[in-house]
Amino acid sequence: MADTPEGALTGYRVLDLTDFKGAYCTKLLADLGADVIKIEPPEGDPTRRMPPFAQDTPHPEKSIPFLFRNAGKRSITLNLQVPAGRMIFQRLIEKADVLVETHPPGYLEELGLDYEALRGLNPGLIMASITEFGQSGPHRDWKGSAIVDFALSGVMIESGFPEKAPCNLPDMPAYDATSVMAALSIVLSLYDRGITGEGRFIDVSVRENARLAIYPWAVTIQSYATPPGGPPPPPESRMGPAVFPVYPCRDGFVRIVAITPGQWDGFLKALGNPEALTKPEWRDYLYRIVHAKELYDNVVGFTMRYSMEELFNAGHRFGVPIAPVYDVAGFVGSPQTKARRFFVPMNHPFIGEFAYPGPPYKWSETPALVRSSAPCLGQHNEEILGGELGLSKTELAALRFAGVI
Amino acid sequence: MRHAPLEGIRVISMGTGGVIPDCGKTLGEFGADVIKIESRANLDMMRSFGADINSNYGFNEINRSKRSFGVNLKTERGRALIRELVKISDVFAENYRVGVVESLGLDYENVRRIKPDIIYISSQGFGRGGPYTEYKAYGPLMAAASGLLRLWAHPDDPYPVGSNAPVPDHFAAKHAALAVLAALDYRRRTGKGQFIDLSLVEVGANLIGVYYLDYTINGRINAPRGNGNPWTAPHGCYRCKGNDQWCAIAIFTEDEWRRFCEATGHPEWARDPRFADGLSRLRNAAALDKLIEEWTLQRSAEEVMNLLQSAGIAAGAAQRSAEALRDPQLVHLNAFVELDHPSVGKRIYPNVPFKVSGMRFPPSRRAPLFGEHTREICRELLHLSEEEIERLKGEGVLEE
Chain A
1 MADTPEGALT GYRVLDLTDF KGAYCTKLLA DLGADVIKIE PPEGDPTRRM
51 PPFAQDTPHP EKSIPFLFRN AGKRSITLNL QVPAGRMIFQ RLIEKADVLV
101 ETHPPGYLEE LGLDYEALRG LNPGLIMASI TEFGQSGPHR DWKGSAIVDF
151 ALSGVMIESG FPEKAPCNLP DMPAYDATSV MAALSIVLSL YDRGITGEGR
201 FIDVSVRENA RLAIYPWAVT IQSYATPPGG PPPPPESRMG PAVFPVYPCR
251 DGFVRIVAIT PGQWDGFLKA LGNPEALTKP EWRDYLYRIV HAKELYDNVV
301 GFTMRYSMEE LFNAGHRFGV PIAPVYDVAG FVGSPQTKAR RFFVPMNHPF
351 IGEFAYPGPP YKWSETPALV RSSAPCLGQH NEEILGGELG LSKTELAALR
401 FAGVI
Chain B
1001 MRHAPLEGIR VISMGTGGVI PDCGKTLGEF GADVIKIESR ANLDMMRSFG
1051 ADINSNYGFN EINRSKRSFG VNLKTERGRA LIRELVKISD VFAENYRVGV
1101 VESLGLDYEN VRRIKPDIIY ISSQGFGRGG PYTEYKAYGP LMAAASGLLR
1151 LWAHPDDPYP VGSNAPVPDH FAAKHAALAV LAALDYRRRT GKGQFIDLSL
1201 VEVGANLIGV YYLDYTINGR INAPRGNGNP WTAPHGCYRC KGNDQWCAIA
1251 IFTEDEWRRF CEATGHPEWA RDPRFADGLS RLRNAAALDK LIEEWTLQRS
1301 AEEVMNLLQS AGIAAGAAQR SAEALRDPQL VHLNAFVELD HPSVGKRIYP
1351 NVPFKVSGMR FPPSRRAPLF GEHTREICRE LLHLSEEEIE RLKGEGVLEE
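For the protein sequence lines, the chains are A and B, in the order given.
Numbering of the first sequence is given in the working numbering, commencing with residue 1 and proceeding in unit increments.
Numbering of the second sequence is given in the working numbering, commencing with residue 1001 and proceeding in unit increments.
You may find that some hints are simply not true.
Stated by the list, open to error - Each pair of labels, with its calculated beta carbon distance range:
id: 1; chain 1: A; residue 1: E383; chain 2: B; residue 2: E1134; range: 39 to 49 Å
id: 2; chain 1: A; residue 1: Q55; chain 2: B; residue 2: G1278; range: 19 to 29 Å
id: 3; chain 1: A; residue 1: Y107; chain 2: B; residue 2: L1043; range: 48 to 58 Å
id: 4; chain 1: B; residue 1: R1274; chain 2: A; residue 2: D297; range: 33 to 43 Å
id: 5; chain 1: B; residue 1: R1188; chain 2: A; residue 2: L111; range: 31 to 41 Å
id: 6; chain 1: A; residue 1: L111; chain 2: B; residue 2: L1043; range: 49 to 59 Å
id: 7; chain 1: B; residue 1: S1280; chain 2: A; residue 2: A329; range: 28 to 38 Å
id: 8; chain 1: B; residue 1: A1223; chain 2: A; residue 2: H291; range: 25 to 35 Å
id: 9; chain 1: B; residue 1: R1365; chain 2: A; residue 2: Y107; range: 31 to 41 Å
id: 10; chain 1: A; residue 1: S307; chain 2: B; residue 2: E1262; range: 51 to 61 Å
id: 11; chain 1: B; residue 1: D1117; chain 2: A; residue 2: E383; range: 32 to 42 Å
Unchecked claim - With a Cα cut of at most 27 Å, we get these calculated BS3-like pairs of lysine-lysine:
id: 12; chain 1: B; residue 1: K1136; chain 2: B; residue 2: K1074
id: 13; chain 1: B; residue 1: K1087; chain 2: B; residue 2: K1192
id: 14; chain 1: B; residue 1: K1355; chain 2: A; residue 2: K95
id: 15; chain 1: B; residue 1: K1136; chain 2: A; residue 2: K279
id: 16; chain 1: B; residue 1: K1136; chain 2: A; residue 2: K338
id: 17; chain 1: A; residue 1: K95; chain 2: B; residue 2: K1192
id: 18; chain 1: B; residue 1: K1074; chain 2: B; residue 2: K1393
id: 19; chain 1: B; residue 1: K1136; chain 2: A; residue 2: K293
id: 20; chain 1: B; residue 1: K1115; chain 2: B; residue 2: K1192
id: 21; chain 1: B; residue 1: K1241; chain 2: A; residue 2: K164
id: 22; chain 1: A; residue 1: K269; chain 2: B; residue 2: K1136
id: 23; chain 1: B; residue 1: K1290; chain 2: A; residue 2: K164
Keep in mind the hints are simulated off the structure, nothing from the lab.
We put the CB at the ideal spot given by N, CA and C, even for glycine.
Build the full structure now, drawing on both the sequences and the hints.
And the structure:
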């Protein structure tokens, strides 16, 4: 990693015992330069079995969910179920700043690798445990999944069309949202440790964090709508078509967010001021929400005359926020995406050349970067266990033979 | 004695809408002194959505644990006061349209001249640079432009509508707070500040990074999947008893499938050749979903969830707020906090959602009224006399 520029977290070492639930957390830290060592069981992180696969070929190095969330990390294999594996792990802990793990509550304790045991080896250790429902409480042992956690987050009941089933947000938003919160709590603790010297244990549940990092307002809205004083509660239902309407156009769809009367006027200008739409009541956002269906039927004939690009540009010109509803190809090909160099070319030994989506921010001093593609299973065993811990080639061979690495 | 992890850190927040206000709140809840710069002439858009400028739920949620400094930035003296505050601040955060901070002389280059080690974060819909950088962009539009919205639909929906929740605003806000914290730590170690340029559309794209790799590697443009999962069944959100009640259920292993059939009282499903193994269940997912929904329709979403979770099955109700507020686990986690606010009274807000051993977070403070701390900040931080404060107020420089 010496050939890539320093990141804000360069110099910190993170041990990564996460599966897909927390992999975005350690990816965020790796993007910022932390040395993230992914510790996988000898058969590999179960995410490596998760479809889809590169070239549609099931293979441990070709899982796309694995490739995305493990970019920039190093990988070693270690069997924590056997004493020799745990001893190596403990030596790694001595030199680590952070440990992130996603095992069910109590699992690491059974192995003697819980925070109390590990802080004895390294008092400054910051350990974050990401669990579905938290380390304690009546639902501690409940099971989650991407869709289940999204349902519980409170956003799903508001997603989709009102007459149909609530609609899932694609991929794993609850886990990724939790992962951002976990990363945030870890860096906060690192900053604090720089002043106080204190190590920390951080308990991060998907249950609580997904709600906060995807959409924290649902409960507050309800609370404000409860008398005394508030207006009647809004229906906690699927209002998307009325609130943030999407209209078909010549080559796809656009979304319009016209809130102020001025923005609505801009929208009409963007459509060439059609007389059929100049009813004055429609300048009022709440009126439009209530009469969404009628509005949609009236607008659609006009939006269909234009392309996404034309409406997008007209919106900018006339002061109404309009955005194209890109598909993945549309976003990749957009001049904005290209100008920002968002996608970064990478070479992978089993896949060849392809482009990674980059981090969502540019840093002036310490770039945030996808510094390398996701590691192959145990790719860094020799470098880390041999080079850094000083195990000889014969010892490494013996460990492999014994199923430790 | 330190009382909070970000004690001693001061943040100047020129935020509107979602991202930078929520970022500032997050830092404020960790103990930073977050000063929200406000002006009636250019109000945070969220203030305009309430019964009055102090009463909007969204504003009052993501502007907690801050102070409000009312100052008219159209006046040179107002801008000079901000420059004075910058000298004693650590972080400058803004999310106005590109060009606004430049016109105020408060862009990164100018701010760093006053405070060389400042950490300056800008958040714009399309980020800085590029042909669309000046395009106005709210969160829901960035769901559209990032490719996320296109996938957030059922396969048979007429068009992708996503949600009335402004995704990815809050997700982006947490990325912004993470960036500020990492930059603060870097500055602690090296003395160097820097400029961070966050793009909301790129945050949205990271939420569907897997779909981007499927495209850049396999050339595939996926159709929306709704609640289905192409690799396992049953997997969906099922209608339950009552008005618009739903429960998500996800089954991944044969063991879970058998337990599901037991728990639902339908052991015969496990013996049905249509559902005997994973591949058969995938092929007959529609028939299976129909049977499952007949079962869920007899029970409330909460009952379905509790019954299946007791059997070790991943199940979760599509909860509404009232259910969240009495959810035993959220109650146990202390997920909510009640704060009293002079305009709106006692209302409920989300708490800091993680626990850090031995680390104390200051109690959450209600959102400030417009200009509530103008005088306090003038006295304490700018060392202005009462006469001067009155004069500046009279001249329309200070607002409250």
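Exercise. Please work out if B:K1136 and B:K1074 have their alpha carbons no farther apart than 27 Å.
Key: holds, 21 Å
Practice problem: Starting from the range 48 to 58 Å, see whether the pair A:Y107 and B:L1043 falls in it by beta-carbon distance. | Solution: Holds - the Cβ-Cβ distance for A:Y107 and B:L1043, about 50 Å, lies within 48 to 58 Å.
Quiz item: Can the suggested window of 51 to 61 Å be confirmed for the beta-carbon pair A:S307 and B:E1262?
Solution: holds, 55 Å
Quiz item: Given the hinted pair B:K1074 and B:K1393, is their alpha-carbon gap at most 27 Å?
Solution: holds, 14 Å
Exercise. Check the following: the C-beta atoms of B:A1223 and A:H291 are separated by a distance inside 25 to 35 Å.
Key: holds, 31 Å
Practice problem: Confirm or reject the claim that A:Q55 and B:G1278 have a C-beta distance inside 19 to 29 Å. | Solution: Between A:Q55 and B:G1278, where Cβ atoms are some 23 Å apart, the hint holds.
Practice problem: With respect to the beta-carbon atoms only, verify the hint that B:R1365 and A:Y107 lie 31 to 41 Å apart. | Solution: holds, 38 Å
Practice problem: Mind checking the hinted window 31 to 41 Å against the Cβ distance between B:R1188 and A:L111? | Solution: holds, 34 Å
Quiz item: Does the hinted range 32 to 42 Å hold for B:D1117 and A:E383 at CB?
Solution: holds, 35 Å
Quiz item: Given the hinted pair B:K1241 and A:K164, is their alpha-carbon gap at most 27 Å?
Solution: At roughly 15 Å apart (the allowed maximum being 27 Å), A:K164 and B:K1241 satisfy the hint.
Practice problem: Go ahead and decide if the range 39 to 49 Å is satisfied by the Cβ distance of A:E383 to B:E1134. | Solution: Since the Cβ atoms of A:E383 and B:E1134 sit about 46 Å apart, the hinted range of 39 to 49 Å holds.
Quiz item: Range hint 49 to 59 Å: satisfied by the CB atoms of A:L111 and B:L1043?
Solution: holds, 55 Å
Against the hints set out earlier in the document, no violation occurs for any number.
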